[in-house]
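Undergrad: Read off the chains here:
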Amino acid sequence: MALTGLDIFKLTPKTNCKDCGFPTCLAFSMKVAAGGAEISKCPHMSAEALDKLSEATAPPMKTVKIGKGETEYALGGETVLYRHEKTFVNRNRFAVSFKDSMTAEEIAAKLDNMKMVDYVRIGEAMKVEIAALQYTGNKDAYIALIKQVKESGLKVVYMLVCQDAAVLQDALALVKDENPIVYGATKDNYEAMVNLVKADKLPLGLKAANLEELYNLVEKVQGLDYKELLLGTEADNIKDAVQSTLQIRKIALKEQDRKFGYPSVVFANELAKGDKYLEISLASLLTIKYGSIIVLEDIDYARALPLFALRQNVYTDPQRPMRVEPKLYPLNGADENSPVLVTVDFALTYFIVAGEIERSKVPVWLAIPDAGGYSVLTAWAAGKFGGSSISSFIKESGAEKMTNNRKLIIPGKVAVLKGDIEDNLPGWEIMIGPDEAMHLPQFLKKLK
Amino acid sequence: MAFKMSVQGFKGKIGEVTIGTGYKAITLGGQNAVAFFEAEGEGANLPKVGLEILDIYPEEWIPSLQEIYKDVAQDPAQWAKFVEEKFNPDFICLRFMGADPNGLNKPVEECAQIAKAVAEAISLPLVIAGTNNHEKDAKLFEKVAAAVDGHNCLFLAATEDNYKAVGAAAGLAYQHKVGAESSVDINLAKQLNVLLGQLGVKNEDVVMNIGCAAAGYGFEYLVSTMDRIRLAALGQNDKTLQMPVITPVAFETWGVKESIAELEDAPEWGAREDRGIAMEVSTAASIITVGSDAVILRHPKSLETLRTFIGALV
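Heads up: the sequence lines are chains A and B, in that order. Mapped onto the numbering used here, the consecutive letters of the first sequence carry residue numbers 1 to 448. Mapped onto the numbering used here, the consecutive letters of the second sequence carry residue numbers 1 to 314.
Bound-form chain A, shown alone (with noise of 0.2 Å):
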């Protein structure tokens, strides 16, 4: 349970050295009751107090790591219920489901549609980033399955599903540097698990018939003082699925158990057994609402392209606006004789304005300075977009060599500018564009 700045500041040593960088040790204590510090901090809290404390001041979420190197991830470590109450921190992943009973060129499929799904989405990489690799009794299959993905030389974690520890020992041969994450610890098995995973300390997931049956085997697994945990909300039906995976959250952050604060997995592609479209829609929920590490049946744009975006999304801090890059954007196959148009970096902004002139197929270059990341009029209101910042980045971005047009459109609303870009940028003619961005077609196929 939460411990209070005065609990706190009793197992402090009371001197007010400072060494910690606050100017008392109440000060101290508060600030790491109200999270904003960590109690390592203190140099001289003897070792018994540290461990109290650090066990009763740890987040309710256990962050877990899987994957190595340009293939790690953090799973969890989540504090709140809804976004807007602080932000949600550990995007969600996404796995593609392989079977060992899958032919040598079913996996291959698979592997080339995880290849060529891999694009970058507002200055993020939007990939599936885990091969969720099922063992269906076929060990030597197995093995070869995870050969054929490793010598892919696509780089993704592996998550071992497989109840089997000896058949784990020998993949887990191939796989043990690559932090995978073994998955299949139940209560028949799980001291052979630990006992696998232990001395690589390995994300290992649990699974049980229901949640209680889950709750105990948590209880049982940490008994044997292991930590790195994944809780899978395996059911035959969406039904419960869903509602394991909302309690598992609930029960970690609103009642304060750490025995379910730690990261889920969902098998959407077994619930929506084979249905596409319902596959999306479940994982559509599940980013929303808590998943952790959501398996689906294969990958292809028409999945990933809602489904990152809308990760991409939800996870975005609300505190700080999602902003594109600042640069020059060529729509519809911009050349030398396309006209420049100008908005701001905000991306809601970026995106709107973009799909409008892709809708018109009008060739464009976008101009996108850095405007603080805020919309036209805020950005405008807070000196970002202006005359001058505007008629410098026309400048600098080199857009005076990437076309002869010496059209430039700024927006409607901000449409006072004009003089001023005019006399900044000598040879340009300012065009005053639509207050909306949906009457940027029209604007356009006028313009040529």
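No lab work stands behind these hints: they were computed from the structure. Among these hints, one or two may not hold up.
Between beta-carbon pairs, the in silico distance windows are [stated by the list, open to error]: (1) A/Y329 <-> B/E135: 48 to 56 Å; (2) A/D19 <-> B/N203: 58 to 66 Å; (3) A/P330 <-> B/G200: 52 to 60 Å; (4) A/D177 <-> B/K70: 54 to 62 Å; (5) A/V89 <-> B/L199: 20 to 28 Å; (6) B/V7 <-> A/T15: 40 to 48 Å; (7) A/K445 <-> B/A261: 17 to 25 Å; (8) B/L172 <-> A/K407: 45 to 53 Å; (9) B/D238 <-> A/G372: 47 to 55 Å; (10) A/A125 <-> B/K4: 37 to 45 Å; (11) A/A108 <-> B/N203: 56 to 64 Å; (12) A/D236 <-> B/N203: 35 to 43 Å; (13) A/N138 <-> B/A271: 29 to 37 Å.
Here are a few chain B residues that sit away from chain A, every Cβ distance over 12 Å (derived from the structure) [as the list claims (entries may be wrong)]: (14) Y57; (15) V108; (16) A146; (17) N152.
Computed from the model, here is a short list of chain B residues facing chain A with C-beta under 7 Å [what the hints assert, rightly or not]: (18) I186; (19) Y217; (20) G218; (21) S224; (22) P267; (23) W269; (24) G270; (25) D274.
The structure displayed is predicted, hence computed values, not measured ones. Using N, Cα and C, we set each Cβ at its ideal position, and we do this for glycine too.
Given chain A, put chain B in place with the hints provided.
TA: The following block gives chain B in isolation, referenced to the frame of chain A:
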């Protein structure tokens, strides 16, 4: 600690609003949880799924949809009847694209006749969506509300600019249901509900449209606005936010790049129809996840998917 389910006891409850008449009438809302599928909730009517039709031929829709509707889409009443018989959604949304002053700018009298014909051709509840030109919508809804008198339709929507005209015609004179449209902002949503109340429109005659965005297009604002509205309505028992919510998903998702890019422009993206349905179901499932009580969809496959999705959650 022993295992115990986490149950939030909310004191507030979302109101119930009925649209349509007869045995096919639908009721939205009723739950005392953030979304209908949360364990602590009870009394929820399942989210309703409607299909969109237009007052004009759907020139901009994808070819496969035009193919389905090619024999009926010249006549909105026939189109509506066809949708009811073939797909049987929970409701039909008739959207007056043709009345838009930036488009065909059809006179409101003509629109009123279309609305009347559609309402009489079907027994499903009818949602009437305007042009989004607030001035035109005020005139349009006034005529349409009179023409569909007795059919208990929902009008999308009254906004800050035209709520007096729309509220008076649809809500007061003809006792239809009034959609209150705000743009992804809890304060605007609340203000508009209060203003409609002051006008005399009863809370149980109002459904909110708090705005819509396609997944990836600032959808986080929608999630947080919806979360905050529901937490205020349920947790603080704020009566001015306890109206059910309808979301016109199709109006947004079929206009974004992911749905409109042609195959030749983005070959690796695959078929346009596949992407369009995926955007539509993802966005609709997401907004239902955070509590929306009704969604308007375009593709029959999306309707089928969302029905399965909603049914599987309870």
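Undergrad: Against each hint, give a clear statement of whether it holds in the structure.
TA: We went through each hint and held it up to the structure:
no. : hint                          : verdict
1   : A/Y329 <-> B/E135: 48 to 56 Å : violated (35 Å)
2   : A/D19 <-> B/N203: 58 to 66 Å  : holds (60 Å)
3   : A/P330 <-> B/G200: 52 to 60 Å : holds (55 Å)
4   : A/D177 <-> B/K70: 54 to 62 Å  : holds (60 Å)
5   : A/V89 <-> B/L199: 20 to 28 Å  : violated (44 Å)
6   : B/V7 <-> A/T15: 40 to 48 Å    : holds (46 Å)
7   : A/K445 <-> B/A261: 17 to 25 Å : holds (19 Å)
8   : B/L172 <-> A/K407: 45 to 53 Å : holds (50 Å)
9   : B/D238 <-> A/G372: 47 to 55 Å : violated (34 Å)
10  : A/A125 <-> B/K4: 37 to 45 Å   : holds (40 Å)
11  : A/A108 <-> B/N203: 56 to 64 Å : holds (59 Å)
12  : A/D236 <-> B/N203: 35 to 43 Å : holds (41 Å)
13  : A/N138 <-> B/A271: 29 to 37 Å : holds (35 Å)
14  : Y57                           : holds (19 Å)
15  : V108                          : holds (22 Å)
16  : A146                          : holds (30 Å)
17  : N152                          : holds (30 Å)
18  : I186                          : violated (10 Å)
19  : Y217                          : holds (5 Å)
20  : G218                          : holds (4 Å)
21  : S224                          : holds (4 Å)
22  : P267                          : violated (10 Å)
23  : W269                          : holds (4 Å)
24  : G270                          : holds (5 Å)
25  : D274                          : holds (4 Å)
The earlier numbered hints that this structure contradicts are 1, 5, 9, 18 and 22.
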